[in-house]
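Just need the whole structure built from these sequences, with the hints factored in.
So you can see what is in the structure, the chains are spelled out below.
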Amino acid sequence: MNNNRRIVSFMALSFSFFMAAFVCAQDNPDMVLVPAGKYAMHVEYRVREGLSLDSMVVDDRGRRYSMTEAEYVSAFFIDRTEVTNEQFKTFLEASGYKPERPENFLRHWQGGTYPKGKGRHPVVWVSLEDAKAYAEWAGKRLPEEIEWQKAAQDTDSRAWPWGNLFDPDKANMDSRGTMPVGSYPEGASPCGCLDMAGNVWEWTDSFQSDGYHYFSWLRGGSYFLAKGSRWYMQGGPISTYQRTKFWHMTPALNRCATIGFRCVKDAD
Amino acid sequence: MHLLKKALGMLPLSVISLAFLAGSHGTALAASKVTYIPDIKNVQEIILENEVIRYAISVDKSVWITSAMEKATGISLLAGNPPLMFLSIRSFQNGADVGYNLFTVKEEKGAEDVTVRITQSSGYVENPLVVTQSFTLGQGPLLAWNVKVLNSATGGRAYRQPQTVTSRITFPLMQKLKLGSETEMHYLIPTGGDFFCIDSPRDFIFYFTDESDPKLPIDIYNTELKRGIYFHIIKSPLRFSFADKNDFTSGVFSLTQKPGEETGLLDCRICPHEGDWHAAYSAFREYIRSGFDFTYYKRPIQTAYRERLVSHFTFLYGHDIYDPATDRFRIDEFLDEGELNFGGYDYMLLWHDYPRTGLDDRDQFDMYEGLPGGLEGLREMVARAHARNVQVFIPYKPWDIMKGRKDHFQQEARIAKAVGADGIFLDTMSESDRAFRDALDAVSRDIVLVAEGRPDLEAAQMVTGSWNQRGNATNRMPNVDLFRFIFPEHNVHNINRGARKRDELIYNALFNGVGFIVWEDIFGEINRFPWNERILIRRYSRIIHENRDAYLTGNPVPLVADLRDDLYVNAFPVDNKCVYPAYHLGRITGGSGERLIGPFMEVGHPDNWHYVDLWNHQAIRAEKRNGKTTLVFPEEVADVMSCIAAMPENLKVERQGELLRIETAKPLEGASIQVNTVDNLTMMEEEALKLEGTGGVVQLDNLKLDFPYLVLVKLMQGGILKDEVILDLGWKRF
Numbered sequence: 034m035n036n037n038r039r040i041v042s043f044m045a046l047s048f049s050f051f052m053a054a055f056v057c058a059q060d061n062p063d064m065v066l067v068p069a070g071k072y073a074m075h076v077e078y079r080v081r082e083g084l085s086l087d088s089m090v091v092d093d094r095g096r097r098y099s100m101t102e103a104e105y106v107s108a109f110f111i112d113r114t115e116v117t118n119e120q121f122k123t124f125l126e127a128s129g130y131k132p133e134r135p136e137n138f139l140r141h142w143q144g145g146t147y148p149k150g151k152g153r154h155p156v157v158w159v160s161l162e163d164a165k166a167y168a169e170w171a172g173k174r175l176p177e178e179i180e181w182q183k184a185a186q187d188t189d190s191r192a193w194p195w196g197n198l199f200d201p202d203k204a205n206m207d208s209r210g211t212m213p214v215g216s217y218p219e220g221a222s223p224c225g226c227l228d229m230a231g232n233v234w235e236w237t238d239s240f241q242s243d244g245y246h247y248f249s250w251l252r253g254g255s256y257f258l259a260k261g262s263r264w265y266m267q268g269g270p271i272s273t274y275q276r277t278k279f280w281h282m283t284p285a286l287n288r289c290a291t292i293g294f295r296c297v298k299d300a301d
Numbered sequence: 002m003h004l005l006k007k008a009l010g011m012l013p014l015s016v017i018s019l020a021f022l023a024g025s026h027g028t029a030l031a032a033s034k035v036t037y038i039p040d041i042k043n044v045q046e047i048i049l050e051n052e053v054i055r056y057a058i059s060v061d062k063s064v065w066i067t068s069a070m071e072k073a074t075g076i077s078l079l080a081g082n083p084p085l086m087f088l089s090i091r092s093f094q095n096g097a098d099v100g101y102n103l104f105t106v107k108e109e110k111g112a113e114d115v116t117v118r119i120t121q122s123s124g125y126v127e128n129p130l131v132v133t134q135s136f137t138l139g140q141g142p143l144l145a146w147n148v149k150v151l152n153s154a155t156g157g158r159a160y161r162q163p164q165t166v167t168s169r170i171t172f173p174l175m176q177k178l179k180l181g182s183e184t185e186m187h188y189l190i191p192t193g194g195d196f197f198c199i200d201s202p203r204d205f206i207f208y209f210t211d212e213s214d215p216k217l218p219i220d221i222y223n224t225e226l227k228r229g230i231y232f233h234i235i236k237s238p239l240r241f242s243f244a245d246k247n248d249f250t251s252g253v254f255s256l257t258q259k260p261g262e263e264t265g266l267l268d269c270r271i272c273p274h275e276g277d278w279h280a281a282y283s284a285f286r287e288y289i290r291s292g293f294d295f296t297y298y299k300r301p302i303q304t305a306y307r308e309r310l311v312s313h314f315t316f317l318y319g320h321d322i323y324d325p326a327t328d329r330f331r332i333d334e335f336l337d338e339g340e341l342n343f344g345g346y347d348y349m350l351l352w353h354d355y356p357r358t359g360l361d362d363r364d365q366f367d368m369y370e371g372l373p374g375g376l377e378g379l380r381e382m383v384a385r386a387h388a389r390n391v392q393v394f395i396p397y398k399p400w401d402i403m404k405g406r407k408d409h410f411q412q413e414a415r416i417a418k419a420v421g422a423d424g425i426f427l428d429t430m431s432e433s434d435r436a437f438r439d440a441l442d443a444v445s446r447d448i449v450l451v452a453e454g455r456p457d458l459e460a461a462q463m464v465t466g467s468w469n470q471r472g473n474a475t476n477r478m479p480n481v482d483l484f485r486f487i488f489p490e491h492n493v494h495n496i497n498r499g500a501r502k503r504d505e506l507i508y509n510a511l512f513n514g515v516g517f518i519v520w521e522d523i524f525g526e527i528n529r530f531p532w533n534e535r536i537l538i539r540r541y542s543r544i545i546h547e548n549r550d551a552y553l554t555g556n557p558v559p560l561v562a563d564l565r566d567d568l569y570v571n572a573f574p575v576d577n578k579c580v581y582p583a584y585h586l587g588r589i590t591g592g593s594g595e596r597l598i599g600p601f602m603e604v605g606h607p608d609n610w611h612y613v614d615l616w617n618h619q620a621i622r623a624e625k626r627n628g629k630t631t632l633v634f635p636e637e638v639a640d641v642m643s644c645i646a647a648m649p650e651n652l653k654v655e656r657q658g659e660l661l662r663i664e665t666a667k668p669l670e671g672a673s674i675q676v677n678t679v680d681n682l683t684m685m686e687e688e689a690l691k692l693e694g695t696g697g698v699v700q701l702d703n704l705k706l707d708f709p710y711l712v713l714v715k716l717m718q719g720g721i722l723k724d725e726v727i728l729d730l731g732w733k734r735f
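Keeping their order, the protein sequence lines are chains A and B.
Sequential numbering of the first sequence, starting at 34, is according to the numbering used here.
Sequential numbering of the second sequence, starting at 2, is according to the numbering used here.
Think of the hints as simulated: they come from the structure by calculation, not from any bench.
A hint or two may mislead.
In the PhoX-like style, the derived pairs of lysine-lysine whose C-alpha atoms are separated by at most 25 Å in a straight line are [to be verified]:
(1) B/K404 - A/K278
(2) A/K151 - A/K165
(3) B/K299 - A/K260
(4) B/K216 - A/K260
These numbers were taken from a predicted model, which means no experiment stands behind them.
Below, the structure is given as structure tokens:
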């Protein structure tokens, strides 16, 4: 085999890899790839009362209640943006999905559709179950916490998707309502995800029970910040590593004007 | 501890009423009069006297009360004691007196009293202070002592410019009082805000309401002399708070005054008395209650609410109350479990919002709509609780202001009406607005206000229930909650949410006769009550409910006298019953273990009364000794708590072979006779048989007795214990 042929084979091989990745990306438009790798997820969260003091600011070591989990995370694709009203409508029409308990389901919709002009806003008033139904229909699933955080934070432990410096102009973190997804391109995370901070809280695949309560972890923060008391669940700007406990109770309370979601998909 | 306990209770219950002070009401006494020796212009001594007491005051650079003589007995206190007050602008040099050698005396006659006013100033130009002390005597032994201090350093008075003066002050008479033998002297002193101690907080503390509220009198008494003197400080800018008695006796105060400033330094009542600190406490109780508005306590609902003693804090996200499979509140199962574990709840406090509030813009009022069935569903749940005689309270969060609502009170009232709530719990608050009360009244006058924090006196006029969440104070025995004793109308509940050991908290509830809150799901963190505490609560619950007629008396007495140094007893008397919860500290501190057995208390009840220990299920023997009824523990008390109930004899129980014949001397309407046995491991009562209120016959075989072979025959009327006879049918013979 002469050199020319080796060069040609090499070029053919690399081109096919490129085409495979390109084709994968084409199969998953609006998704970005997060490559595989070991990842140490450091999370912090606020502990409420009971036996421990409310470490709402810092614990005695100067940090919020925290833990670190190191895992090998396989490669996955993640939605570039939060799932929109438009996308959710497509899902409903295609699947005919009707939740078993419809209290507050898509409360912001009227006449079976989203408010005019809000097509590109993240869908809200959907429960974890509603989000799972969408993800399944789309051939996707909800992100695990570690996947969500890796997509938001990459591996450099940054506090915000765009870096370590807080910047209120890079996300919708304290306003009167949702914005169209992708309104803050400068707030993108390293892999290209948008609105990982602000806009709406995002469901993760973390539903669990402690034997007494059902809960899951919300990520990302939303546009809403309850003002006036330290006793409120902390809203407003939420860092990449902050998890927020959501107690699941009634269907009506499980759906909120401030909680939406995005999906992931395995990359093989 | 030995000496301390002797300090705490000396007089039998029947003598606690202050014969000494009784003379100040009712009977017409000769008015008080004053005599000057030799005359008012050249005073050396002033005699202020009335029919019961004679005070001798001498003026010699200071003012001294040289004697306070009880006319009835001739006993004189205060002789040989230092002056009332010492005021200096220089640092103390062996207590050297800079001299107030110039003084004038004036007299004022009131309608029923006389006042002597002594104004002192100094010949030294450097001392610009002018001290005015006035003494007012009415018809009783109480001497009102008022002190004003003026910084008269104005231009021309002193050879220097007018200046701000800081004086150092002590009250030697009060602080260095000598009253009989020093080892038998004890001090009731304020310590740290709203606490009071006898000699030292390490030994014993009482607690009251709020730092800003009136303080108990300072009382110095001698247990050997059986006499004391209290100093009731009505008003003073000085801070009276001491670490312990040594801090009290050596305390120094300071006062800074600008030129020309006059300060009302002290408005005090001095009163010699018989007995111990109870005299000061009773005087204070009367003083506090006389200025208190009881309007809201007189509402019928308050009487009903006052009987609600054991409650549950219900975090609605927990699966003990919320069933996710059926999306409903499993209220019946929940209440069943409450009865099984804790003896049942009198009310439950629902908690539907915090800490979930803030994730979206639904506030506390909006979130009700999200509960199963919304407000209507909650109303059904409440109705189901009501059918089981369980009240339901809803919370109010004043801090939930994110929506900027201006109508919080109306919203809360709307919710209360929609669900049929029996009360509002004021989260993080210890007081409330009249506007809130009015908004609730517009909906129903049967909704009570309960605060998380202990209200101060003014707030307590409207907030008729509160939590006792005072950490070490509540979770420690034998601490006495004076607020509860001064205001038995107010519904106090013990709670210590993070406690890992609650037995002292539960004993404290039984001992002080207060309520208890069961709270295991603390906003998502579980702090379970272990099995032994659940047993204690079930036992406490039975006792406080079956004896609430006595426990809710309008005249509870803290720490009555008893015959032992290591036993602390409170008394809750009504006409035909008295409950004496007792705590045996000696069992814990007594080294090899002091035994609580034999005679322990003298009482003044009629001869035909029964006495039983409700906690340990032991019959108490009453023996007549020297004309007094002495109560005796026949068997050693095998616990740190006991709880004696004293009731008129009604039941007559006779064993005839294998039968028990039970009769009542006086039938009670609607009464029944409960025959219970006792579980040996838990000491809980087990209901075996129920008979007619007039009596009956019990086959002992039917009771299936085993150890400890106790049969409790209880005459019950409307859930209240009217009489009890305890039979020990085993091999023990006392």
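Hints, one by one, checked against the model:
| no. | hint | result |
| --- | --- | --- |
| 1 | B/K404 - A/K278 | holds, 22 Å |
| 2 | A/K151 - A/K165 | holds, 22 Å |
| 3 | B/K299 - A/K260 | violated, 40 Å |
| 4 | B/K216 - A/K260 | violated, 39 Å |
Violated hints for the displayed structure, listed by number in ascending order: 3 and 4.
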